[in-house]
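Taking the hints into account, I'd like the entire structure generated from these sequences.
Just so we're aligned: the sequence shown equals residues 1 to 196 in this note's numbering.
Hints listed in this document are in silico derivations from the structure and should not be mistaken for laboratory results. The reader is advised that the hints may include incorrect statements.
As the list claims (entries may be wrong) - FRET-style restraints, in silico, Cβ to Cβ:
{"hint": "1", "residue 1": "Glu58", "residue 2": "Gln117", "range": "31 to 39 Å"}
{"hint": "2", "residue 1": "Phe91", "residue 2": "Thr136", "range": "17 to 25 Å"}
{"hint": "3", "residue 1": "Lys116", "residue 2": "Phe91", "range": "27 to 35 Å"}
{"hint": "4", "residue 1": "Pro74", "residue 2": "Asp94", "range": "36 to 44 Å"}
{"hint": "5", "residue 1": "Lys73", "residue 2": "Phe123", "range": "14 to 22 Å"}
{"hint": "6", "residue 1": "Ser82", "residue 2": "Glu59", "range": "18 to 26 Å"}
{"hint": "7", "residue 1": "Asp90", "residue 2": "Leu70", "range": "35 to 43 Å"}
{"hint": "8", "residue 1": "Thr125", "residue 2": "Gln68", "range": "18 to 26 Å"}
{"hint": "9", "residue 1": "Lys167", "residue 2": "Pro74", "range": "27 to 35 Å"}
{"hint": "10", "residue 1": "Leu137", "residue 2": "Phe91", "range": "40 to 48 Å"}
Cβ atoms here follow ideal geometry from the backbone N, Cα and C, with glycine treated the same way.
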Amino acid sequence: MRHVFCGAGCWYILILKILHSIHRRYLMMIYKNDYIKLLLIGIFLLLAGCARMGQSVEEPQVTLVDMQMLELKPLEAIFQISLRVMNPNDFALDLKGVSCKLRIDGKHFATGIGDKQQEIPAFGTGIVPVTIYASTLKMFSSGLAFIQGMDQPQEALQPMSYELAGKIRLGGGISWSVPFESKGELSLAGQQSEAS
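See the structure below:
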C-alpha cells in the first residue's frame with residue numbers, strides 16, 4: 001500500500017483550485033440571479049452618487065430671459081419661458097429637469113415644469129425651456145393685466161416685477177435638487193431687465 005504525502009506546495013495548489021472553483025460558482029450564481037445583479041448595480045450607483053454628493057455644489061444662477069404665450073384657453077393659459085442657467089462650479093451639471101413657480105407683482109401667476117435633459121458646462125451657461133401653466137380663474141390684478149397688456153402698443157406697456165423660484169433636478173448616480181431664486185422686471189414689450 002503506497003502512501004502519498006503532500007507537501008506545503010501541494011496544499012497551496014489544492015487551496016487555489018478550491019478557491020477558483022468557489023469563485024466560478026459565485027460568478028455563475030451572480031450571472032443567473034437578476035436580483036443579485038440589480039443589487040450590485042445599485043451599490044455601484046450608490047457609491048458613484050456619494051462620490052458626487054461629496055463635492056460642494058454651488059447654487060446655479062437662474063434668470064428669466066424670455067416668455068411667450070403658447071395657447072390661451074377659457075380656463076388655462078400656457079406659456080413657454082426660457083431660463084438661462086449659469087453654472088459657477090468647476091464641473092459640469094447634468095440637468096435632468098426644472099420645476100418652478102412664477103409670481104408677478106407679488107401674486108402667484110403660474111407653475112411650470114420641464115424635463116429637457118442637458119449638460120451645463122463648468123463655468124458655462126445654457127438656455128432651458130420650461131412650459132408653465134396659469135389658471136385664468138386665478139388671474140387677478142397682475143396676472144390678468146399681463147395677458148391683456150400683450151395686445152397693447154409697446155409704448156403703453158409698463159414693466160412688471162417678477163419672482164421666480166424653483167428647483168433644478170441634477171443627475172450623477174443619485175438625483176438631487178438644487179434650489180434657485182430669481183427676481184427682476186418683466187417687460188411686456190419682450191425685454192427683461194434683471195434686478196438680482
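| query | Looking back at the numbered hints, which does the structure fail to meet, lowest number first? | reply | 1, 2, 3 and 5
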